[in-house]
Amino acid sequence: MKSIIFKSIFGVGILFMLIATACKPKGMQTAVQGDAAVKAYVPPGQYDEFYNIVSGGFSGQMSVYGIPSGRLFRVIPVFSVDPEKSWGFSEETKPMLNTSHGFVPWDDLHHIALSTTDGIHDGRWAFGNANNTPRIARIDMTTFRTNEILEIPNSGGNHSSPFITENTEYVVAGTRFSIPMDGKVDVPINSYKENFKGTVSFISVDKNNGTMNIAFQILLPGVNFDLARAGKGKSHGWFFFSCYNSEQANTLLEVNASQKDKDFIMAINWKKAEEYVTAGKAVKKTVRYAHNIYDENSHSATSEIKNEVLVLDPKELPGMVYFMPCPKSPHGCDTDPTGEYIVGSGKLAAVIPVFSFTKILAAIDQKNFDSEYDGIPVLKYDAVLHGEVLKPGLGPLHTEFDDNGFAYTSFFVSSEIVKWKISDLTVVDRVPTYYSIGHLCVPGGPTKKPWGKYVIAYNKITKDRYLPTGPELTQSAQLYSIDGDKMKLLLDFPTIGEPHYAEAIPAELIKPKSVKIFKLEENKHPYATLGEKQAKVERKGNDVHVYMSSIRSHFVPDNIEGIKMGDHVYFHVTNLEQDWDVPHGFAVKGANNAELLIMPGETQTLLWEPNRTGVFPMYCTDFCSALHQEMQGYIRVSPASSNVPLTFSTGAKMPQTEQ
Amino acid sequence: MNKILPKFRWLIGILSLPLLIVLFVPIWRIDLFAPQYPEGLTMKIWHNDLKGDIDIINGLNHYIGMRHISVEMFPEFEIIKYVIIIFVILGLIVAISGRLIVLFWYIVLTFFGGLFTLYDFYRWGYEYGHNLDPTAAIKVPGLSYQPPVIGHKRLLNFDAYSLPDIGAWIVIIVASLFILIYIYHLWLHHKSSKFSAS
Numbered sequence: 008m009k010s011i012i013f014k015s016i017f018g019v020g021i022l023f024m025l026i027a028t029a030c031k032p033k034g035m036q037t038a039v040q041g042d043a044a045v046k047a048y049v050p051p052g053q054y055d056e057f058y059n060i061v062s063g064g065f066s067g068q069m070s071v072y073g074i075p076s077g078r079l080f081r082v083i084p085v086f087s088v089d090p091e092k093s094w095g096f097s098e099e100t101k102p103m104l105n106t107s108h109g110f111v112p113w114d115d116l117h118h119i120a121l122s123t124t125d126g127i128h129d130g131r132w133a134f135g136n137a138n139n140t141p142r143i144a145r146i147d148m149t150t151f152r153t154n155e156i157l158e159i160p161n162s163g164g165n166h167s168s169p170f171i172t173e174n175t176e177y178v179v180a181g182t183r184f185s186i187p188m189d190g191k192v193d194v195p196i197n198s199y200k201e202n203f204k205g206t207v208s209f210i211s212v213d214k215n216n217g218t219m220n221i222a223f224q225i226l227l228p229g230v231n232f233d234l235a236r237a238g239k240g241k242s243h244g245w246f247f248f249s250c251y252n253s254e255q256a257n258t259l260l261e262v263n264a265s266q267k268d269k270d271f272i273m274a275i276n277w278k279k280a281e282e283y284v285t286a287g288k289a290v291k292k293t294v295r296y297a298h299n300i301y302d303e304n305s306h307s308a309t310s311e312i313k314n315e316v317l318v319l320d321p322k323e324l325p326g327m328v329y330f331m332p333c334p335k336s337p338h339g340c341d342t343d344p345t346g347e348y349i350v351g352s353g354k355l356a357a358v359i360p361v362f363s364f365t366k367i368l369a370a371i372d373q374k375n376f377d378s379e380y381d382g383i384p385v386l387k388y389d390a391v392l393h394g395e396v397l398k399p400g401l402g403p404l405h406t407e408f409d410d411n412g413f414a415y416t417s418f419f420v421s422s423e424i425v426k427w428k429i430s431d432l433t434v435v436d437r438v439p440t441y442y443s444i445g446h447l448c449v450p451g452g453p454t455k456k457p458w459g460k461y462v463i464a465y466n467k468i469t470k471d472r473y474l475p476t477g478p479e480l481t482q483s484a485q486l487y488s489i490d491g492d493k494m495k496l497l498l499d500f501p502t503i504g505e506p507h508y509a510e511a512i513p514a515e516l517i518k519p520k521s522v523k524i525f526k527l528e529e530n531k532h533p534y535a536t537l538g539e540k541q542a543k544v545e546r547k548g549n550d551v552h553v554y555m556s557s558i559r560s561h562f563v564p565d566n567i568e569g570i571k572m573g574d575h576v577y578f579h580v581t582n583l584e585q586d587w588d589v590p591h592g593f594a595v596k597g598a599n600n601a602e603l604l605i606m607p608g609e610t611q612t613l614l615w616e617p618n619r620t621g622v623f624p625m626y627c628t629d630f631c632s633a634l635h636q637e638m639q640g641y642i643r644v645s646p647a648s649s650n651v652p653l654t655f656s657t658g659a660k661m662p663q664t665e666q
Numbered sequence: 016m017n018k019i020l021p022k023f024r025w026l027i028g029i030l031s032l033p034l035l036i037v038l039f040v041p042i043w044r045i046d047l048f049a050p051q052y053p054e055g056l057t058m059k060i061w062h063n064d065l066k067g068d069i070d071i072i073n074g075l076n077h078y079i080g081m082r083h084i085s086v087e088m089f090p091e092f093e094i095i096k097y098v099i100i101i102f103v104i105l106g107l108i109v110a111i112s113g114r115l116i117v118l119f120w121y122i123v124l125t126f127f128g129g130l131f132t133l134y135d136f137y138r139w140g141y142e143y144g145h146n147l148d149p150t151a152a153i154k155v156p157g158l159s160y161q162p163p164v165i166g167h168k169r170l171l172n173f174d175a176y177s178l179p180d181i182g183a184w185i186v187i188i189v190a191s192l193f194i195l196i197y198i199y200h201l202w203l204h205h206k207s208s209k210f211s212a213s
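Quick mapping for you: the protein sequence lines, in order, are chains A and B.
Per this note's numbering, the first sequence runs over residues 8 to 666.
Per this note's numbering, the second sequence runs over residues 16 to 213.
Derived by calculation from the structure, the hints in this document are not laboratory data.
Computed from a predicted structure; not experimentally measured.
C-beta atoms are modelled at their ideal positions from N, C-alpha and C, and glycine is treated no differently.
Any given hint might turn out to be false.
[To be verified] Here are the simulated distance ranges between beta carbons:
{"id": "1", "chain 1": "B", "residue 1": "55", "chain 2": "A", "residue 2": "46", "range": "31 to 37 Å"}
{"id": "2", "chain 1": "B", "residue 1": "73", "chain 2": "A", "residue 2": "263", "range": "33 to 39 Å"}
{"id": "3", "chain 1": "B", "residue 1": "73", "chain 2": "A", "residue 2": "150", "range": "50 to 56 Å"}
{"id": "4", "chain 1": "B", "residue 1": "54", "chain 2": "A", "residue 2": "263", "range": "53 to 59 Å"}
[What the hints assert, rightly or not] Below 30 Å or equal to it, Euclidean Cα-Cα: the simulated DSBU-like pairs (lysine-lysine) are:
{"id": "5", "chain 1": "B", "residue 1": "154", "chain 2": "A", "residue 2": "387"}
{"id": "6", "chain 1": "B", "residue 1": "154", "chain 2": "A", "residue 2": "428"}
{"id": "7", "chain 1": "A", "residue 1": "470", "chain 2": "B", "residue 2": "59"}
[Unchecked claim] Derived, one-sided and incomplete: chain A residues facing chain B with beta-carbon distance under 7 Å:
{"id": "8", "residue": "261"}
{"id": "9", "residue": "304"}
{"id": "10", "residue": "401"}
Turn these sequences into a full structure, and let the hints steer you where they fit.
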């Protein structure tokens, strides 16, 4: 009897526990296939197949990885100071971060564009945008250094940038924040609708040396410009920009800019714009912006403040700008390799609309307009639509393309990459990302000739994917192979800063051109010390210039006396090495800035303002030789009133003989 | 045959008391899993309170215009403790009276009480999942976010699971045992009437 009761109690309990466990979800699978390790493995001493140039987001830098290994090679300082490389600390690089607001030592680098010729990667330059204080940078892919930074006037934040045209004729800059401009700037914030305007700038790129210049700006209604892509092939001559906040909200945008069913993709006929500029239809506006160029011969940057820009007004110049309705706050705006299809990704939309360039031209031709938005014609949605990808996922953001007619779209909310066929808009595969992917990259994905093979996800959340490091966790990339029918996860690797967009390019397009040293005979730095004989120390009032050389393993001079309190001491250090991979460093005690890291043949300058008397050590920071630890010296600082003469030496004597 | 056997009267009396534990443990739980939340988010419903990741859930739900979940949404929280105490007293009354018919009505009352509670939970879930802010950032046409009453449901990127927690398990197990006791007595009665008939 009792046993029946107890068996029953026991039985009921077991039953409920079984139900409870059966209802629980299974854990996330890592989903790595058997041969993944082999596919992502690059043996020691061997090279990767692709360079991956990755934006650093809030780190303001770019980083360079190898694909498929995910190995980090270099962090390129761009918009943020970098004490390791003395970027923004050395006298030579300070002008690079100059703006109309003065020295701005940080920015938010979101997107990468690699230069193309005829729509195909040419491996010459990488461009990056500054989202905060609007700027565009050009990085030379022979030195992996930032060679030029151009500030963008009439812009509130340069997000839809630095996308480029097929032959790198132009790099564009569309303002994320519309702002009041043109003199009338001190206005109430809630007068957004009347007073705020947006612009997109077309910046010409010199085809020989890459020098950028703002060719013209187009004045636009006050909305947020988000991302952009140039047309290519048949749509070469056009540029497409996604826009949100067509509600023109100036507060609580997460709600107020999400109300309309459709915002816009803007189509710009830039060939037409060029015609208007040539015909003198552009208006000169007075502005202020900095143009900074780094010269590889003088190893120095110059910053020039410019005051003029040409502005085109589409309200008065028809045929140049059109809007196309696009569902729910479009983010990504990507053109396929043929240039026929433009994919808009409404980040709150339930479908992915794909527009047809042929239909856009026809709709413009037939004036198939839906309405006007602030004087700009809005094309009919149905008239320009190729079709919609149905039920693709949640939160579409960006699309890249392979060389077989497939598109790869990232979905932030549902945390996945979805592969779909452009021709019939069917979803063919999907893979989870860990977690919440933002941008993605197929090598050559934005070009006319995608290299394919991989897709790389750049994720916003990593949570349980890596060993934790306190509240701030690494962000990550994930590599998937796409050469089969099914996408396969190969590798996770952590990234620098917050990666937004990235591009990958075959190593062979860059590797052979990589600079090994700077030639001493080409060094035109005004304070260069081209041999130990030329080393000297000169006083000009309170400024002391030290012409210093470094070679394995000593500085000339390495003993300096006669520095006085209140002096500004400039150490101009030239690395006399002419051998690959032999940089020298320079650091001096109490320096309020950074070290120098000087490449072979290069001259760099550190300003030192000692705040006390005494003897101060200085030394080489880059392990240069077996006697690196002996590469050091002293500087004596005396009171301002002292009579200690200015002397310098190496080896107890004045440097008189060259080695 | 309307008497409960004495040892079962003791058992019913003793089994009534664990219901008091319900006042000190969570009764129900809702678990949410999403790609970004592999570790899951949990809301635990107590007799008078909500615990767990309520703030995180509210933060996520505001994108789709769901109201903030708060204790104030549940006027039921004021009375659940009295209901539980009443059921304990009723259980003791069953034991003291020792009459099978009283046990029968106790079981009926428990059954409908449970059913009503689930209906009340459904009603709240319907209201919560359908009454969306029309200015919400994400509006998916035709989609509502009513959590499941019990079991699993997919809500956008979340897998939602609604399941009993310790409190509800205690109620379910106690009620099941009362039913078993009742059935056992029916069986006894059936056997004895067959025996007397032969």
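Comparing the hints with the structure gives:
{"no.": "1", "hint": "B:55 - A:46: 31 to 37 Å", "result": "holds (32 Å)"}
{"no.": "2", "hint": "B:73 - A:263: 33 to 39 Å", "result": "violated (20 Å)"}
{"no.": "3", "hint": "B:73 - A:150: 50 to 56 Å", "result": "holds (51 Å)"}
{"no.": "4", "hint": "B:54 - A:263: 53 to 59 Å", "result": "violated (33 Å)"}
{"no.": "5", "hint": "B:154 - A:387", "result": "holds (23 Å)"}
{"no.": "6", "hint": "B:154 - A:428", "result": "holds (27 Å)"}
{"no.": "7", "hint": "A:470 - B:59", "result": "holds (23 Å)"}
{"no.": "8", "hint": "261", "result": "holds (6 Å)"}
{"no.": "9", "hint": "304", "result": "violated (50 Å)"}
{"no.": "10", "hint": "401", "result": "holds (5 Å)"}
Checked against the numbered hints given earlier, the structure breaks hints 2, 4, 9 and satisfies all the rest.
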